[in-house]
Amino acid sequence: LVELLVAATMLSVLFVGLGSHLQGGITVWRQTTEGSETLQRHQVAFERLARDLANAFLYTDGHPGAPLPSQEFAADRLQWVTLESAPGGVRLPRLVTYDVGEVEGETGLRRTSRPLGAARAGLDPEPSLLWPECEELTIRYGYEPEAGGTIEWRGEWLFPDELPRLLDVTLGAGEAAEVRAVLSIPTGALKSSTEGGG
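Quick note on numbering: the sequence shown equals residues 119 to 316 in my numbering.
A few of these clues could be false.
As the list claims (entries may be wrong) - Here are the computed lysine to any residue pairs in the SDA-like style, where the Cα-Cα straight-line distance is at most 20 Å:
id	residue 1	residue 2
1	309	266
2	309	193
3	309	277
Keep in mind the hints are simulated off the structure, nothing from the lab.
Work out the full structure, taking the sequences as your base and the hints as a guide.
Spelled out as structure tokens, the structure:
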């Protein structure tokens, strides 16, 4: 009986140590998984945004009776015309919008994409949620440096009839660290801020 009690005590001590060790391993595994999922989400969001910006072009609207919503390059919202691939290898112009807002009760980085006809008609499609944890979208625009200087960054684009060349995009996710990338529009212009009245 004494031997059984000693053995049971030793086994219980062993299992308590093993349990705490396993709990620590599960906690580390959970944190690593959550971190990698967040990293993957913001990479997908930036890749999608970079692809849409790379295919951006300045669209001249030929329908004065039903004009398109104007392009918008603000400090917290983007809207412009881009080319999207369609079935059959065709690329069609669409009006895309990026902002932070609510989709089905969940706040995050939203993207909407509309055919130009639907945009002219004022039809609002359901936005897709690119990054649910995103709480803030901040955009700065690059301006041509003065002689010998560096790129000047501002929170507004002063040229409504042109596309910006460089965008410094920051996505904030609450307590998590901010994620930032400088993206480019190949057909955009690198203008002097003094030309725009700034």
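Provide an ascending list of the numbers of those earlier hints which the structure does not satisfy. Hint check: nothing fails, all pass.
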